[in-house]
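> Single-letter residue listing:
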Amino acid sequence: MSYFERFVRQFRARLLLVILLNNALILAGWYATDRVLKLTGWQEIAAIIAIPLLTLVLLPWVTSRALTRPTKFIWQAIMHVSPDTAADMPAPDPKQLRLGRELVTNLVNQLYQLTSVVQKMEHAGSEAAQDLHTNFVANHLPLPFIVLSHDDTIMYANEAAATYLSKPATDLAGQNVYTALDMSFTSTDTLHDWLDTTKDKAAAADHSWERVRIGLPGSNNSKQFDLAAHYNQGNPLGYETLLTLFDHTGTYGQDDQSLSFVALAVHELRTPLTLLRGYIEVFDEELGAGLDPELQRFMKQMDAAAGQLTAFVNNILNVAKVEDDQLSLQLHEEKWPEIIDAVVSDLQLRAGVRGISIKTEVASDLPTAGVDRYSIYELIANLLDNAIKYSKDKAVITVSSTLNKDGLIETSVRDSGVGIDGSILPYIFDKFYRSHQNRSQIGGTGLGLYLAKVIVEAHGGNIWVQSKPGEGSTFTFTIMPYGKLEDERKATGSQDITRHAHGWIKNHSMYRN
Amino acid sequence: MDGPRLKKILCIEDEYFISELYVRALRRAGYEADVELDGQKGLTAAQTDKYDIILLDLMIPTVTGIEVLRTLRDPAKTPKLHAKIIITTNLEQRDDVRADIEHQADGYLVKAEITPRELVEFLQSLTA
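The listed protein sequences correspond, in order, to chains A and U.
If you count the first sequence from 1, position 39 lands on 39 in the working numbering, and the numbers rise without skipping.
If you count the second sequence from 1, position 86 lands on 1086 in the working numbering, and the numbers rise without skipping.
Note that these hints are calculated values from the structure, not bench results.
Be aware that one or more of the hints could be misleading.
[Unchecked claim] Derived DSSO-like pairs (lysine-lysine); straight-line CA-CA distance at most 30 Å:
1) A:Lys201 - U:Lys1008
2) U:Lys1041 - A:Lys223
3) U:Lys1077 - A:Lys223
4) A:Lys405 - A:Lys300
5) A:Lys72 - A:Lys38
6) A:Lys223 - A:Lys199
7) U:Lys1050 - A:Lys199
8) U:Lys1041 - A:Lys201
9) A:Lys335 - A:Lys405
10) A:Lys199 - A:Lys335
11) A:Lys199 - U:Lys1041
12) U:Lys1050 - U:Lys1008
13) A:Lys453 - A:Lys389
14) U:Lys1041 - U:Lys1008
Please model the complete structure; the sequences and the hints are all you need to start from.
See the structure below:
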């Protein structure tokens, strides 16, 4: 039997009791009026009417009270849990009830349970809304997005961040941000320093950095980006610092793509070389005049050796660039005799150390040439370097230029040195080829002729050699006059003619001309 | 001696011994020369606008040479700068990167290819 049925039973029993009592009272009253008080006439009639009237008042009052008390308790309980009135209404205590106590206790408990269920649902609803926000919105954001806690630990990283950093989001969460992202900044204004000065001092702050780098420059996983940070103090969810990364590896990366291994090695080699050449010059200036001739010659040889070293370093770098197929030649209109003179005067210093002299025989009516000034310089310098290397002391090297029958500018570098054996000739322009007969006596990397060939062919010319062992060698190459290149320029419509595949270190002496 | 009008030169170079050689040659040629060994200090000194020539190395600590060059050429960050900026570096670049740098600077020299005296001659030809 349910509580309610029990209550109804109790109530009916109570009612029956009251009615019986009521009737008993009426009968007793009538009896008293008739036999005890012996009232007659109008007194008797008044008493007979008054007694039921009294009980008529008594009965409703007693029954209504029995009904309203449980109702009042229930009303009190409802007001107690309702959010608007909870403060004003204390919880009812059903133990104070007699009739219907179990019913009311049961109803009130049900009410409380219902309320707590509603609260839970509300809370779950708001959590779901939050989950929707972080998991769906943040995860689908195309920008890497990271959230840090107060102690700089990554609380959350979205999918884009995980992809960008090549680590799963689960790995990132819980890591210290400086461990997970090894960042370098372009100045002393770093994320760490900014957070240090901002944390716990500002309620909210924003800052951004350009060109932040992770990974070593030149490596495959190096990335460069702009970083934006938002800090808010005491965020209730612990999301104190929000970071957004804007990738610019493509554009910023171009600045340091040149920092490959070879370029770094070249930079390292050049630093002591710079010092050596500087100190040699200082000693030559301060002491040169006072030294005896042999020591003076040693000074000059030191200078020459340093110059050669510089040239070799350049050669190594140029070959690396050729391998990489980087860069391009810019062909301009140049006066050929001027170029020859510039190279010869620079190399004459080196030649003079061993008493070797360089003669020039340049035809006066040559047309202008279409060349990349710096690489052509490199080419002629390499040929002359070889000539000097393989010549005897006090020998003469001749550089001559004429217009050949095909209308091309033909230049020859002739020496009277050791010459080249016929069996080696076909390979002479190959990279690193050095005849084993020569290797022990004469230094060199075997790159000079390889580069010479590459340069000449990039200019649209040809190079070849004639040689006789013991008599010397003559290297000849052709260059197109600028006029011939005009057609090509008109076709492409550009100011200069660009040739691809090779890149050159621009020699400083060119700036003097 | 008919020296150049006394010019102030700022050398931003992290290799102390190289800067020592350059400063020696520059002072003997009649220039005033100061040295800063890193990018941040060099930038601050350059922005005082009291130098006529700035020799800027590229591979320097704190703020890189390229960044210094950009900042000095940005009118918003460096409103007043009359100095000529000459890049002096041993770093090798791709041609397009180097062309971009040369475009922003007033000269580009490879240190290993010049001696201190040649540097002085180059600067004299610039300021003549």
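> Look at each hint and say if it fits the structure.
Status of each hint after checking the structure:
no.	hint	in the structure
1	A:Lys201 - U:Lys1008	44 Å, violated
2	U:Lys1041 - A:Lys223	27 Å, holds
3	U:Lys1077 - A:Lys223	26 Å, holds
4	A:Lys405 - A:Lys300	42 Å, violated
5	A:Lys72 - A:Lys38	46 Å, violated
6	A:Lys223 - A:Lys199	27 Å, holds
7	U:Lys1050 - A:Lys199	39 Å, violated
8	U:Lys1041 - A:Lys201	29 Å, holds
9	A:Lys335 - A:Lys405	20 Å, holds
10	A:Lys199 - A:Lys335	66 Å, violated
11	A:Lys199 - U:Lys1041	28 Å, holds
12	U:Lys1050 - U:Lys1008	7 Å, holds
13	A:Lys453 - A:Lys389	19 Å, holds
14	U:Lys1041 - U:Lys1008	17 Å, holds
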